[in-house]
Amino acid sequence: DTAVSQTPKYLVTQMGNDKSIKCEQNLGHDTMYWYKQDSKKFLKIMFSYNNKELIINETVPNRFSPKSPDKAHLNLHINSLELGDSAVYFCASSQVGTVSYEQYFGPGTRLTVT
Amino acid sequence: AQTVTQSQPEMSVQEAETVTLSCTYDTSESDYYLFWYKQPPSRQMILVIRQEAYKQQNATENRFSVNFQKAAKSFSLKISDSQLGDAAMYFCAYHHYNQGGKLIFGQGTELSVKP
Chain A
1 DTAVSQTPKY LVTQMGNDKS IKCEQNLGHD TMYWYKQDSK KFLKIMFSYN
51 NKELIINETV PNRFSPKSPD KAHLNLHINS LELGDSAVYF CASSQVGTVS
101 YEQYFGPGTR LTVT
Chain B
1001 AQTVTQSQPE MSVQEAETVT LSCTYDTSES DYYLFWYKQP PSRQMILVIR
1051 QEAYKQQNAT ENRFSVNFQK AAKSFSLKIS DSQLGDAAMY FCAYHHYNQG
1101 GKLIFGQGTE LSVKP
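Here the protein sequences come in this chain order: A and B. Take the working numbering: the last position of the first sequence gets the number 114, and nothing is skipped along the way. Take the working numbering: the last position of the second sequence gets the number 1115, and nothing is skipped along the way.
Going by beta-carbon spacing under 8 Å, a handful of chain A positions derived as facing chain B:
1. 41
2. 48
3. 107
Where chain B lies over chain A, by a calculated footprint (3+ residues, C-beta under 8 Å):
4. 50 to 58
5. 82 to 96
With the Cβ distance kept under 7 Å, some of the chain B side facing chain A (calculated, not the full set):
6. 1043
7. 1044
8. 1095
9. 1102
10. 1108
If you are wondering where the hints come from, they were derived from the structure by calculation, not from laboratory data. The beta carbon of each residue, even a glycine, is placed where N, CA and C say it ideally should be.
Same shape as in the complex, but just chain A (with noise of 0.2 Å):
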C-alpha cells in the first residue's frame, strides 16, 4: 500500500496556465508538508499543515495556494505558472510528537511549463 502518494507524476504545461497537485497519505499522520527541488536538486519547504492548519509558510509567491480538505489530503494549486516554477514538487507528512518526526515522502511530481 502507497504510504504517500501525490498526482500527477508528471505534468507539462503552458506558462499561464492554472494547475493543481494533489497528494494523500494513509499513515494517519497530523502534518503534511509541500517541498519544492529545483533543477539544482536543492530541496525547500514550501508549506506544512497540522491539522488542516496552515503552520509554514516560506515566502512562496501567492500564485501558490495549498488546501487540506482533512489532515489526510493536501493539495497545491498553482496559478499563472511562470517557467520558474518547472521544479519537482514533493509531499511528505508525518506525526508530530513521535520520537523523530519522521518525514515519509511521496513519489514527487515533475512539473514543466513550457
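Mind docking chain B on chain A? Use the hints.
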C-alpha cells in the same frame, strides 16, 4: 537561522569499498534531529538513517553509520561495503520541533559506485 552544508557535490567509490559523505550544520539549539536521505534516479526520497542530538551514541543501520560530532556540528555518513544500488543523491537534513516540523536540507552529494 539553521543551515546545512554538504561540501562534496560528487563522490565516487569502488564497489565493496567504504565511503564517507560529509555534512555540517549550524544551529543554536541543543536538541534536534539529523537525517540522511537517499534519492535514487527514481527520485523517491528514502530515509537512510536518523540521529537524535541528545544521544551520544552514533546511529547505525546495517552498512550505514554516522559520525555525529555535536560540538563540531558535524554529521557524516559512512557507507561500508558499497553496492551498485547505493548510487544516488544523498541529502543531509536537520529538524527541530519548533520549526514547524520542516526539514532543512543540504545541497546534496551525488554518489557513484564503480563496479
